[in-house]
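Chains as they are written, first to last, in full-length UniProt numbering: chain G, 1 to 271; chain U, 1 to 285.
Any given hint could turn out to be false.
What the hints assert, rightly or not - For lysine-lysine, the following DSSO-like pairs were computed, each having C-alpha atoms within a straight-line distance of at most 27 Å:
hint: 1; chain 1: G; residue 1: K50; chain 2: U; residue 2: K8
hint: 2; chain 1: G; residue 1: K225; chain 2: G; residue 2: K45
hint: 3; chain 1: G; residue 1: K36; chain 2: G; residue 2: K50
hint: 4; chain 1: G; residue 1: K225; chain 2: U; residue 2: K8
hint: 5; chain 1: U; residue 1: K41; chain 2: G; residue 2: K36
hint: 6; chain 1: U; residue 1: K8; chain 2: G; residue 2: K103
hint: 7; chain 1: G; residue 1: K225; chain 2: G; residue 2: K134
hint: 8; chain 1: G; residue 1: K134; chain 2: G; residue 2: K70
hint: 9; chain 1: G; residue 1: K225; chain 2: G; residue 2: K50
hint: 10; chain 1: G; residue 1: K45; chain 2: U; residue 2: K8
hint: 11; chain 1: G; residue 1: K70; chain 2: G; residue 2: K225
hint: 12; chain 1: U; residue 1: K41; chain 2: U; residue 2: K8
hint: 13; chain 1: G; residue 1: K225; chain 2: G; residue 2: K103
What the hints assert, rightly or not - Just a sample of chain G residues kept apart from chain U, beta carbon distances all over 12 Å, derived:
hint: 14; residue: R8
hint: 15; residue: S48
hint: 16; residue: R92
hint: 17; residue: S158
hint: 18; residue: P184
hint: 19; residue: M187
hint: 20; residue: E269
In case anyone wonders, no lab produced these hints; they're calculated from the structure.
Built from N, CA and C at the ideal position, the CB exists for glycine as well.
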Amino acid sequence: MNPSRSTRIALYIYGVVTIAFLYLPLVSVGFASISKARYLSFPIKRYSTKWYGDALQSDTVRDLLFTSLKVAVIVTIISMVVAFFGALAFARYHWRYRTLFQKLILLPIFFPQTVLGLALLMWFNSVGIIPTWKTAIVAHLVWIAPIATLIVAIRAYSFDPALEEAARDMGAGTWTIFREITLPLLMPGIVSAGLFAFLLSWGNFPLSLFTTGADSTLPEWLYAKMVSGYSPLVPTLGVMSVVGSFLLILLAFSIAWLVRSVRESRAAENG
Amino acid sequence: MMERIDRKLGFLSALPLGIILVLSFLAPMVVVALFSIMPPKVFDLAHIPNFAAYSVFFDQGYYKSLLWSLGMALASTAILFVICWPLAYGMAKVFGRFSLILTIAVVMSLFVSENIRLFGWVLTLMKGGLFEGHLRALTGIGFDSPLYNTGIIIFGLVYVYLPFMLFPLAQGISMVPDDARQAAADLGATRWQILRQIDLPLAAPGIMVGSLLSFVLAAGALAESKILGGQAVIVIADDIETAFTFGQNWPLGAALSMILIVIIGGLAIFGVNRIDLDAIMGRKR
């Protein structure tokens with residue numbers, strides 16, 4: 001019942017076309033960012049890196065990057081901690097409200113983010129909190145912490161509870177077990193959850209839209225410029241944001257690769 | 001003994017996330033519900049409740065925006081199902097290593113702000129954009145920009161929510177045992193019969209999760225109609241935003257939100273209740 005050779009080839013081509021389809025708009029943005037003209041029109045006649053220079057010198061851009069970075073870093077740290085415990089409650093322990101908890105976590109992911117942002121705005125207002133970049137952290141967490149939890153939970157499902165039970169039988173306390181067994185076993189999941197959390201927060205627009213108050217993140221600023229007319233800085237900052245994300249992913253992959261090869265060579269030495 | 005510890009630790013470790021979700025997900029929902037029954041244009045909850053905001057929904061034609069949103073979400077979900085099925089099948093059954101490459105490529109695209117990606121489509125499709133500009137330079141013949149209409153909004157929804165259909169579908173198809181398909185083929189079933197009687201029913205959990213996710217997210221989407229559609233159609237999320245910003249009418253915005261929340265929340269709870277998370281995510285014991 002294996003598909004014929006021609007079907008297989010067609011499927012591979014379809015896959016490649018899909019990847020091209022997903023990334024085509026970024027190619028346009030990339031070209032636009034190095035076009036010299038103030039008003040973009042293809043084919044591009046003269047290229048220049050002028051807009052990158054402008055962007056790097058602008059105070060506005062520096063503030064935007066700094067706000068986005070602050071939010072993303074704090075969201076990442078909180079998500080990693082919350083996801084570690086959340087995943088244990090989700091996948092590892094048998095407790096009374098586990099299925100209810102699992103469903104509660106899924107709801108925010110299924111929710112339109114713009115509406116969630118507005119709901120938070122009303123909530124902050126009615127308890128007397130003025131929205132700033134700090135409230136945006138809360139907004140991001142509502143959506144990102146559950147996703148991070150699911151990622152760690154996948155890892156938690158695959159671990160053998162007998163390891164913890166054995167440690168307990170040998171007299172280890174709850175904290176010792178957490179530190180010595182559970183945490184190291186879940187670490188790969190926690191790290192990828194952190195990576196996801198950072199990247200999703202860094203690029204998020206709909207949740208920030210209503211919850212940053214007078215502050216502004218990079219995606220928010222880009223959106224404001226997009227709907228109000230063209231600015232040559234939009235493609236430039238777009239590319240900078242994308243390149244930043246991809247560099248981080250590259251860094252993460254190379255660290256993972258390094259850690260693995262160090263471990264393998266150690267294992268080889270120890271025979 | 002183990003069980004008692006499990007129960008206590010389970011509860012305690014659910015607490016951090018539980019508190020976040022109660023304080024910043026459930027509580028805001030209650031506030032939205034309360035605001036939606038306040039009289040027009042107030043900014044606090046200390047007023048006598050009425051349902052003025054809900055009657056405006058029918059009187060002033062806001063239901064049209066809702067129907068547009070739901071209609072376009074339905075259309076994009078149907079299109080997504082058709083275009084993702086072969087790819088998901090390939091990922092689950094045909095591609096070996098390429099499956100991983102495809103997964104990484106699709107996930108990485110998710111990390112790029114959807115604004116930037118949609119803006120990229122504007123640059124690609126506009127008059128004087130990547131396509132038209134080059135075509136005109138080569139042949140002297142241009143074409144009208146396909147931007148700023150309903151079709152392009154649906155295109156944008158399909159583009160943005162593709163991963164949310166693709167991954168659940170691939171997961172669903174991978175749960176269809178090869179033996180069942182082989183047996184059907186041995187018994188003389190045609191390709192079409194195998195698809196209809198084996199693949200579709202057995203992959204149903206994945207189909208449901210994928211369709212539900214893409215429908216729900218598309219129904220509340222805003223950026224596609226703003227950036228690609230140039231507001232050719234006003235979607236419900238747009239009305240909600242306007243009521244809060246230019247309209248300065250929070251109760252109206254809250255009532256419109258509530259209507260969307262009830263529809264989407266209903267669908268989400270329906271779906272979430274029908275999936276066995278433990279099975280999908282690979283529980284061992």
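Checked hints:
no.: 1; hint: K50(G) - K8(U); result: 60 Å, violated
no.: 2; hint: K225(G) - K45(G); result: 24 Å, holds
no.: 3; hint: K36(G) - K50(G); result: 7 Å, holds
no.: 4; hint: K225(G) - K8(U); result: 51 Å, violated
no.: 5; hint: K41(U) - K36(G); result: 47 Å, violated
no.: 6; hint: K8(U) - K103(G); result: 20 Å, holds
no.: 7; hint: K225(G) - K134(G); result: 23 Å, holds
no.: 8; hint: K134(G) - K70(G); result: 9 Å, holds
no.: 9; hint: K225(G) - K50(G); result: 19 Å, holds
no.: 10; hint: K45(G) - K8(U); result: 68 Å, violated
no.: 11; hint: K70(G) - K225(G); result: 22 Å, holds
no.: 12; hint: K41(U) - K8(U); result: 47 Å, violated
no.: 13; hint: K225(G) - K103(G); result: 38 Å, violated
no.: 14; hint: R8; result: 6 Å, violated
no.: 15; hint: S48; result: 17 Å, holds
no.: 16; hint: R92; result: 8 Å, violated
no.: 17; hint: S158; result: 6 Å, violated
no.: 18; hint: P184; result: 17 Å, holds
no.: 19; hint: M187; result: 16 Å, holds
no.: 20; hint: E269; result: 30 Å, holds
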